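A.B. asks: Sequence:
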Amino acid sequence: MAIVMCAVKVINRFKPQILMILLQICVASIYFLTEDMRLNPHIYVTYRHAAGSLVMFPFAYFLERKIRPKLTLSLFLEMFLLSLQGVSLTLNLYFASMRYVSPTFMTAIINTIPCTTFIIAVILRLEIVGVRSPRGIAKIVGTLTSLVGVIVIAFYKGPAVASLKGAPIHLGTNSVLENWLKGSILTLASRMLWSSFYITQAFTLKKYPAKLSLSAWMNGIGAAQSAVYTVIVQHKSASWC
Numbered sequence: 001m002a003i004v005m006c007a008v009k010v011i012n013r014f015k016p017q018i019l020m021i022l023l024q025i026c027v028a029s030i031y032f033l034t035e036d037m038r039l040n041p042h043i044y045v046t047y048r049h050a051a052g053s054l055v056m057f058p059f060a061y062f063l064e065r066k067i068r069p070k071l072t073l074s075l076f077l078e079m080f081l082l083s084l085q086g087v088s089l090t091l092n093l094y095f096a097s098m099r100y101v102s103p104t105f106m107t108a109i110i111n112t113i114p115c116t117t118f119i120i121a122v123i124l125r126l127e128i129v130g131v132r133s134p135r136g137i138a139k140i141v142g143t144l145t146s147l148v149g150v151i152v153i154a155f156y157k158g159p160a161v162a163s164l165k166g167a168p169i170h171l172g173t174n175s176v177l178e179n180w181l182k183g184s185i186l187t188l189a190s191r192m193l194w195s196s197f198y199i200t201q202a203f204t205l206k207k208y209p210a211k212l213s214l215s216a217w218m219n220g221i222g223a224a225q226s227a228v229y230t231v232i233v234q235h236k237s238a239s240w241c
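Quick note: the sequence shown uses our numbering, first residue 1, plus one each step.
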């Protein structure tokens, strides 16, 4: 019993860190599950968030009945913009950039999202950094170290390592169209939207503290937005199967 109580205390103390690790495991698992899929990436984004919405809505409905605020028109419009910012537009730009830049460069740039989010939060005074405190120094050093690591990963050219089964998400072509300017703009735009999404979401949660419900709404709205975009760029109905 003492061991169980000790484990519970450790879990409660480090709950945010544990949840972040589990989130990364889930994100990595998505790539394994989609490894053999041949869907258009924009269609994949639509299906992915539609499925997420269907899964989340029952939990949100029953678990947050007492704390869920009334959904007003202004709040719905805010969710619409938040979904556009953090779901449909961000991910579609992300996958579109895969056609023009190397996966290494794209992945490295996307890994700067925590750094960019931190910098934006400091600029907006949502994050207070004490340059003389150990916590503040750790945040600054961690941010700089992350940026340096990303630059090294993006621009260092080491020996080629062949992939065993190809890319996790197939784009319908075996070669990347080299257009670094266009690809870099798309990747950077996706990164900035993703970072600002986390900041904007913090403001929305103050008005709508039902986190599960907000996630369900963003998944559903984002799937609808992505579907509209995908229909525009992908006219073949057979691609949806």
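Everything labelled a hint here was simulated from the structure, so no lab data went into it.
Computed from a predicted model, the values in this text were never measured in an experiment.
Take the hints with a grain of salt, since some may be wrong.
Straight-line alpha carbon distances no greater than 16 Å define the calculated EDC-like cross-link-like pairs of lysine to aspartate or glutamate that follow [claimed, not checked]:
id, residue 1, residue 2
1, K211, E127
2, K139, E127
3, K9, E127
4, K15, E127
5, K211, E64
6, K207, E78
A.B. asks: Evaluate each hint against the coordinates.
C.D. replies: To see whether the hints hold, each was checked on the structure:
| no. | hint | in the structure |
| --- | --- | --- |
| 1 | K211 <-> E127 | violated (21 Å) |
| 2 | K139 <-> E127 | holds (11 Å) |
| 3 | K9 <-> E127 | violated (28 Å) |
| 4 | K15 <-> E127 | violated (21 Å) |
| 5 | K211 <-> E64 | holds (9 Å) |
| 6 | K207 <-> E78 | holds (10 Å) |
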